[in-house]
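Student: Each chain, written out:
Protein chains: 2
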Amino acid sequence: MTINIKNFLNDKTTLSKMGEFQSLKQIEGLEMSSISADLYSDGRDDLALFYFSKGANYATLTTSNSITSEFIPWNNNSHKKIIKGLLVNTKNANTFTGKQGKESIDILAKNLSRVLTLKESKNKKGTSETIKIKDLIFASTGVIGEEFPVDKIRERLPELVERLRKEHNKMYWIKLASAIMTTDTKPKLAYEEIIIGDELVKICGIAKGSGMIAPNLATMLSFIFTNADINSNLLKTLLKRAVANSFNAITVDSDQSTNDMVSIFSTRSIKIGQNISLNDKAVQKFEIALKKLCLNLAKQVIVDGEGAKKFVTINVINAKSLGSAKNIAFSIANSPLVKTAIAGQDPNWGRIAMGIGKSGEIVDQKKLKIRIGNFIVAENGKISETYDEKKLKEYMEWGSIEIEINLKLGNDAFKCYTCDFTHDYIDINADYRN
Amino acid sequence: MTINIKNFLNDKTTLSKMGEFQSLKQIEGLEMSSISADLYSDGRDDLALFYFSKGANYATLTTSNSITSEFIPWNNNSHKKIIKGLLVNTKNANTFTGKQGKESIDILAKNLSRVLTLKESKNKKGTSETIKIKDLIFASTGVIGEEFPVDKIRERLPELVERLRKEHNKMYWIKLASAIMTTDTKPKLAYEEIIIGDELVKICGIAKGSGMIAPNLATMLSFIFTNADINSNLLKTLLKRAVANSFNAITVDSDQSTNDMVSIFSTRSIKIGQNISLNDKAVQKFEIALKKLCLNLAKQVIVDGEGAKKFVTINVINAKSLGSAKNIAFSIANSPLVKTAIAGQDPNWGRIAMGIGKSGEIVDQKKLKIRIGNFIVAENGKISETYDEKKLKEYMEWGSIEIEINLKLGNDAFKCYTCDFTHDYIDINADYRN
Numbered sequence: 370m371t372i373n374i375k376n377f378l379n380d381k382t383t384l385s386k387m388g389e390f391q392s393l394k395q396i397e398g399l400e401m402s403s404i405s406a407d408l409y410s411d412g413r414d415d416l417a418l419f420y421f422s423k424g425a426n427y428a429t430l431t432t433s434n435s436i437t438s439e440f441i442p443w444n445n446n447s448h449k450k451i452i453k454g455l456l457v458n459t460k461n462a463n464t465f466t467g468k469q470g471k472e473s474i475d476i477l478a479k480n481l482s483r484v485l486t487l488k489e490s491k492n493k494k495g496t497s498e499t500i501k502i503k504d505l506i507f508a509s510t511g512v513i514g515e516e517f518p519v520d521k522i523r524e525r526l527p528e529l530v531e532r533l534r535k536e537h538n539k540m541y542w543i544k545l546a547s548a549i550m551t552t553d554t555k556p557k558l559a560y561e562e563i564i565i566g567d568e569l570v571k572i573c574g575i576a577k578g579s580g581m582i583a584p585n586l587a588t589m590l591s592f593i594f595t596n597a598d599i600n601s602n603l604l605k606t607l608l609k610r611a612v613a614n615s616f617n618a619i620t621v622d623s624d625q626s627t628n629d630m631v632s633i634f635s636t637r638s639i640k641i642g643q644n645i646s647l648n649d650k651a652v653q654k655f656e657i658a659l660k661k662l663c664l665n666l667a668k669q670v671i672v673d674g675e676g677a678k679k680f681v682t683i684n685v686i687n688a689k690s691l692g693s694a695k696n697i698a699f700s701i702a703n704s705p706l707v708k709t710a711i712a713g714q715d716p717n718w719g720r721i722a723m724g725i726g727k728s729g730e731i732v733d734q735k736k737l738k739i740r741i742g743n744f745i746v747a748e749n750g751k752i753s754e755t756y757d758e759k760k761l762k763e764y765m766e767w768g769s770i771e772i773e774i775n776l777k778l779g780n781d782a783f784k785c786y787t788c789d790f791t792h793d794y795i796d797i798n799a800d801y802r803n
Numbered sequence: 370m371t372i373n374i375k376n377f378l379n380d381k382t383t384l385s386k387m388g389e390f391q392s393l394k395q396i397e398g399l400e401m402s403s404i405s406a407d408l409y410s411d412g413r414d415d416l417a418l419f420y421f422s423k424g425a426n427y428a429t430l431t432t433s434n435s436i437t438s439e440f441i442p443w444n445n446n447s448h449k450k451i452i453k454g455l456l457v458n459t460k461n462a463n464t465f466t467g468k469q470g471k472e473s474i475d476i477l478a479k480n481l482s483r484v485l486t487l488k489e490s491k492n493k494k495g496t497s498e499t500i501k502i503k504d505l506i507f508a509s510t511g512v513i514g515e516e517f518p519v520d521k522i523r524e525r526l527p528e529l530v531e532r533l534r535k536e537h538n539k540m541y542w543i544k545l546a547s548a549i550m551t552t553d554t555k556p557k558l559a560y561e562e563i564i565i566g567d568e569l570v571k572i573c574g575i576a577k578g579s580g581m582i583a584p585n586l587a588t589m590l591s592f593i594f595t596n597a598d599i600n601s602n603l604l605k606t607l608l609k610r611a612v613a614n615s616f617n618a619i620t621v622d623s624d625q626s627t628n629d630m631v632s633i634f635s636t637r638s639i640k641i642g643q644n645i646s647l648n649d650k651a652v653q654k655f656e657i658a659l660k661k662l663c664l665n666l667a668k669q670v671i672v673d674g675e676g677a678k679k680f681v682t683i684n685v686i687n688a689k690s691l692g693s694a695k696n697i698a699f700s701i702a703n704s705p706l707v708k709t710a711i712a713g714q715d716p717n718w719g720r721i722a723m724g725i726g727k728s729g730e731i732v733d734q735k736k737l738k739i740r741i742g743n744f745i746v747a748e749n750g751k752i753s754e755t756y757d758e759k760k761l762k763e764y765m766e767w768g769s770i771e772i773e774i775n776l777k778l779g780n781d782a783f784k785c786y787t788c789d790f791t792h793d794y795i796d797i798n799a800d801y802r803n
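Heads up: the protein sequence lines correspond to chains R and U, in order.
To convert a position in the first sequence, counted from 1, into the numbering used here, add 369.
To convert a position in the second sequence, counted from 1, into the numbering used here, add 369.
If we strip away everything but chain R, and leave its shape as in the complex, we get (with noise of 0.2 Å):
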């Protein structure tokens, strides 16, 4: 695997590729556009921009790292009950810029706000509605420190404002999902739809992220649509229970980044409802779907984690609390020691063992047993009579890789997601600036 950060669309595999991506659809009301502002000098698309022509309802989740990129308090300081417009930029994270990074999101927002007020104003021809500075957002993402490349940004505008479009088949989708990478290998796209009364409601998702990806919201950028007109409030307690065993479980190597976001968008084109809450059949229906969606994403984000070669799922069972099982997952799932034993297709759950119990949970060692894919590996407080070394080593060179941890302590669980460590993952991190 080599690190692909031209674009996606410029590979000449990708056409052949296009298959492994589900078919994504428009979205009444949302326009999209990407366009290179040279950040990488690779002539790669870098910069996407999301508007709303009639205003999105939005809910979104940001890092917990106590060192946040510009854009985050940004974000948050501007109180927007309705968004106009979405602009990501890639390769630099705005993050530990100080003033000139702050200052570069005021002249964006500035120069965003006039070039699609005077989009609005040719179209409608007279009714000139403004878009105003409160009504954007934005989101980045690259190295920490470097100096905001805002002028680079800011020239791009007009041509990127140009470029939205209301159409947008799958190929289109790709290319926005591209537009947003970093170390990723292929862009992360996913797609539901479901049938509410007789209307189509679809939600459309893409991601990226493939280092310091780690739970709380792993590392990442993931930017959900839907045409479901859903209220912001509601929108935010679904998105956060969606996050809960997707975003929220998925870990590359424990690293948090300061540019995490997480953001949903209802172009309300759909009425799925009147004054609809969580107990609604509808709104159900919804919440399958956007977890089957979210789930989906962050399963992408592993599979295409820095030199991951095998998907890692971790489930911890019959635990005493969900906390205690969780502490647990991640426990093993961040362990290096079991993520290297892993990429050299050894069944080596004495490590795993060590990792259930540095976790600081207290656990019973003769109650516990631990699986790897079907096969029972410790039981009884030792190695399992029918331990198979010849059958779980064949197991090992599997690309999915099953350990389930049974506590036999109580009744709740958690499943996490992660990869195994590899030389390319080093060869990837050692070099990343370059």
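Read the hints as simulated data drawn from the structure, not as lab findings.
Where hints are given, some of them may not hold.
No distinction is drawn between identical chains; accordingly, a pair holds when it is met within one copy or between any pair of copies.
[What the hints assert, rightly or not] DSSO-like mimics (lysine-lysine), calculated; alpha carbons at most 30 Å apart, straight line:
1. K539 / K640
2. K735 / K689
3. K735 / K650
4. K759 / K661
5. K501 / K751
Only a predicted model underlies this, so the values are computations on that prediction, with no experimental measurement involved.
Chain R is fixed; fit chain U onto it per the hints.
Tutor: Below, chain U without anything else, positioned relative to chain R:
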């Protein structure tokens, strides 16, 4: 660097490396021996015995992993006041070995006490002091979850006891320190001596540890011996204080062993005072020497960290509490992204900022000052105005890298030690059991 689990003494280059080690001396009242029980199937020494002919006061600190070697509860459960012998085996951790593991210790203890009693009765011709099972302690290190090779070890006990030697020069100490290694590429030894009154007080220490090294006893074994007569309670206090800023201040991979153990033994040969306490000058002198010795051993563990090419010091200063300084230091030291950047000789200080933030500790980005070596890389919330990438890249080529985080929030500080994350770590650990 290759994995050298062969007996260090068989290495042709050992003699040429002798100069690297301090000259450890004989401790009166201590006899030592090592032997091969062929646990590695290559003839290297894998058993070490330490025998205190007149008994020893002792103190021991063990792993906080909730899954432990069977030896740990066994040692704790038998209430020893005076220790006569310590047996250490390598290759097998005796962890997750169930009934077989527990019974193995009973078998070894019974046999060792018998053979040692026999030796005593031969030596003293008639006085025949009995070495009781409760006079013995055990330590082990190696693979978790494999059946404990009790028979192989038991069979070698008579010859191991036969080989006990009162005289031990530098070379003999190296032999013993080599017998407790696993993936270590070299033995770890340290020596301090002080004069108290007219007496020469000696402290000899050996350690092993290379992977599964994290704070809270740093996944390792270390055994320290002194001729100074210090009671067990005072030894415990001194050991705890020395470990806090040495073995508890190092991390290779954030993983924590099930077998960690640091012990100190006093053969009581030299009186350093009556009813001595922490306030005595002699004890203070001893404490300074013990701290120096522990830090020396801890640093040797890091230098020999699995795959390590660089020694890294993370110094967090002016924190609002010791806990906060410690959290931030280890958050950086355990970050795979920071460690791979160091391996790549890349002064990617943005990842250091990320590591500070992901600790969860509140920091003031505007006050924060980050130094790499003597170079300020970030201050006043942004990259330093004196930042010089070329000079920093040159500095990153050094074998020892210092990172200083000045939080400017209080008066507490913590220094921790780690190494970089290289391809060799993955090679060693993907293939550990083969």
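Student: None of the hints should be skipped; say for each whether it holds.
Tutor: Hint check results:
{"no.": "1", "hint": "K539 / K640", "in the structure": "within (25 Å within a copy, 83 Å between copies)"}
{"no.": "2", "hint": "K735 / K689", "in the structure": "within (16 Å within a copy, 42 Å between copies)"}
{"no.": "3", "hint": "K735 / K650", "in the structure": "neither (45 Å within a copy, 49 Å between copies)"}
{"no.": "4", "hint": "K759 / K661", "in the structure": "neither (36 Å within a copy, 48 Å between copies)"}
{"no.": "5", "hint": "K501 / K751", "in the structure": "between (65 Å within a copy, 29 Å between copies)"}
In summary, the numbered hints that this structure violates are 3, 4.
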